[in-house]
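Colleague: Respectively, the protein sequence lines represent chains R and X.
Position one of the first sequence corresponds to residue 128 (our numbering), numbered consecutively onward.
Position one of the second sequence corresponds to residue 790 (our numbering), numbered consecutively onward.
For the record, the hints were derived by calculation from the structure and aren't laboratory data.
Glycine is no exception: its CB is placed at the ideal position from the N, C-alpha and C atoms.
Worth double-checking, as some hints may not be accurate.
[To be verified] With a straight-line cut-off of 20 Å between C-alpha atoms, the simulated PhoX-like cross-links for lysine-lysine are:
(1) R:Lys349 - R:Lys369
(2) X:Lys1152 - R:Lys237
(3) X:Lys980 - X:Lys1037
(4) X:Lys1152 - R:Lys245
(5) R:Lys341 - R:Lys369
(6) X:Lys1151 - R:Lys237
(7) R:Lys245 - X:Lys1151
(8) R:Lys364 - R:Lys341
(9) R:Lys361 - R:Lys245
[Said to hold, decoys possible] Listed below are several chain R residues computed to face chain X (Cβ distance under 8 Å; list not exhaustive):
(10) Leu250
(11) Ser286
(12) Leu289
(13) Leu335
(14) Asn350
(15) Met358
(16) Ala360
(17) Lys361
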Amino acid sequence: MNQYLYDGTPEGLVSAIASILDSGENPEEAHLAVRQDMLFEEGLFLRTDSAFAEALFERLRQRAPDAVQTLWYFMMAEADGLETSLLRYIALAFEHGDRVNGYLTHTSVKAIVGTARKAGRELHRMKGLMRFEQLRDGAWLARMEPDCNVMHPLARHFSRRLRAQEWFIFDARRRSAAHWDGHDLSFGTLEQFSRPELSLEERAVQQLWQTFFKTIAIPERKNPRLQQSNMPAKYWKYLTEKQGE
Amino acid sequence: MELQEKITILSGAARYDASCASSGSNREGSAGGTGNTSQGGICHSWADDGRCISLLKILLSNDCRYDCAYCVNRSSSPVPRASFTAREVVDLTMEFYRRNYIEGLFLSSAVNVSPDHTMEAMVRVAEILRNEERFGGYIHLKIIPGSSPELVRRAGLAADRISVNIELPSSESLQRLAPQKKKEAILAPMKLIGAEAGASLVERRKSRKAPRFAPAGQSTQMIIGASPETDLQILRLSQGLYSRMNLKRVYYSAFVPVNSDNRLPVLSAPPLLREHRLYQADWLLRFYGFSAEEILSDDAPNLDESFDPKTAWALRHPEFFPVEVNRASYATLLRVPGIGVTSARRIIAARRFAPVTPEGMKKIGVVMKRAKYFITCSGRPFERVDHQPARLRQRLLLGDGSEAKLPRQLVLPGMG
Ligand code: SF4
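Between the sequences and the hints, there should be enough to build the whole structure, so can you do that?
Modeller: Below you can see the structure in the form of structure tokens.
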């Protein structure tokens, strides 16, 4: 087993994988991890080279576009400790093309595809669970704290759906934000965040929604366990219908 | 009446409708307008009964002129009555949609004044949403039996999905329990919808500008257990609806006695297990290549209580098994209990690389505790299985092969 190390950034990861694959190393024999800067750490440190990372992406896009999608979702999951699996997955993608995602009996493929699916699932879930509130000035704000970094695709989804209103999305865990002004989408970070005041009718509409939410359930069939397994409690903090319960 | 109170009455009356899907439509939404639809459907919340909330599911009115034996809103029932104006429903839909509470609107209604009077008001809601509010989200309209073809056409042009409830599985039962609804009044709009949707597809192949007619298709719902039909009769009906009427979905709802009426059976509990088995059999019709006659026969016209219909079929057909997973075709894999559509596809994808092993079957997501009795992996059986049907039945029942307890949906008779 040959040990390789990289700097811990997403770009560094892709660039390190590119160098290992270029060196002709057998990916099933290589091991890749984040450098911890410990005294007796063993392994060859691979310097991050963005041109390298870029070139790998480009080649992969040609050879296996679905695998690029998977890679993209995998990165959203911000998972630790799967670098070696990713290396092997990408090597297999070059070998087999898009069919690689069907190779679920391979441990590395299973790990990468599974992690990517987890991010995909959360993205899909957030498309439903986001709650926009109307602010005093007429703009809209939605807050969230997702496990995966789903901001970009999520904001793009809402830029098509709620395109007639100006809105912000704030990820309180990463302190990142998206802004749609009715024409363009922009991204940034917010170090300071205080929740602005809500519009006058906002409370009334929220109450209508809470009433609907309560009545639509069939009383004889209360099933809090099923509700929680579909909608885990970690998402309740920002759900209008779960306030004041 | 306060809006809060109307919502309570009219969403409370709508909660028993089974269909809540928002999938199957792909509307882009117009520049400057609000909303689009998503092919896969999106759940926005889960109610206290665990069901997905995707649409603002509501009745325009529960003030009914008809007196169907099985319905809470029948004219002789002493429930509080309310009706929305078209504007109220439009505003609610828009306010909810802008906050991302919903994918769109599912509007149904009791027969208020007359079928056409009610249908006209429902169509107006959809038309105001599309034309004035430039709403691009999902709209499902229920068609009131007996409404005029012109209104059905307008409904189909404004909505993503329209549906007519078939209510009961035979015309005799309809006659007995819902005498004001005529079989023809239900089937005529169904046929019309099928024809219009087909014609619109042809037109759209010629020109992308041609109007779309109910792009997410049509569905229907029937009540199970209020009348004496067998499961075979019900499945044959569904099979016909799928193949001849081109329906997208048939929903089954277990009958819950909400009124006492000597025309209705006395049930200790709603037949939820039966409803669940019918949904499973319905899946076999739609996605697994089974026919109603394979699932049931005149000698055994009702679904087995202890086994899901696929396992029941497998037990009756020992000659079909064991299936070799590394060679079997997709259609054959689908017939194995414990292998679903996804895992069958995954097996086919994975065995290109290397023969699938028992370990691999688990990774793929096959339910091995059921499948193991019916397959071999590269010639190796999993268990020394005695393929005597009687023994196998027993092992599946007593052993670990029985299905997990599924959360069941309770659904009561629908509206309209
Ligand atoms: S099923 Fe429909 S038509 Fe019949 S009583 Fe109920 S609301 Fe009225």
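Colleague: With reference to the structure, classify each hint as holding or not holding.
Modeller: Results for each hint:
no. : hint                 : in the structure
1   : R:Lys349 - R:Lys369  : holds, 15 Å
2   : X:Lys1152 - R:Lys237 : holds, 8 Å
3   : X:Lys980 - X:Lys1037 : holds, 14 Å
4   : X:Lys1152 - R:Lys245 : holds, 16 Å
5   : R:Lys341 - R:Lys369  : holds, 10 Å
6   : X:Lys1151 - R:Lys237 : holds, 12 Å
7   : R:Lys245 - X:Lys1151 : holds, 19 Å
8   : R:Lys364 - R:Lys341  : holds, 18 Å
9   : R:Lys361 - R:Lys245  : holds, 16 Å
10  : Leu250               : violated, 11 Å
11  : Ser286               : violated, 11 Å
12  : Leu289               : holds, 6 Å
13  : Leu335               : holds, 6 Å
14  : Asn350               : holds, 4 Å
15  : Met358               : holds, 4 Å
16  : Ala360               : violated, 12 Å
17  : Lys361               : violated, 14 Å
Checked against the numbered hints given earlier, this structure breaks hints 10, 11, 16, 17; the rest are met.
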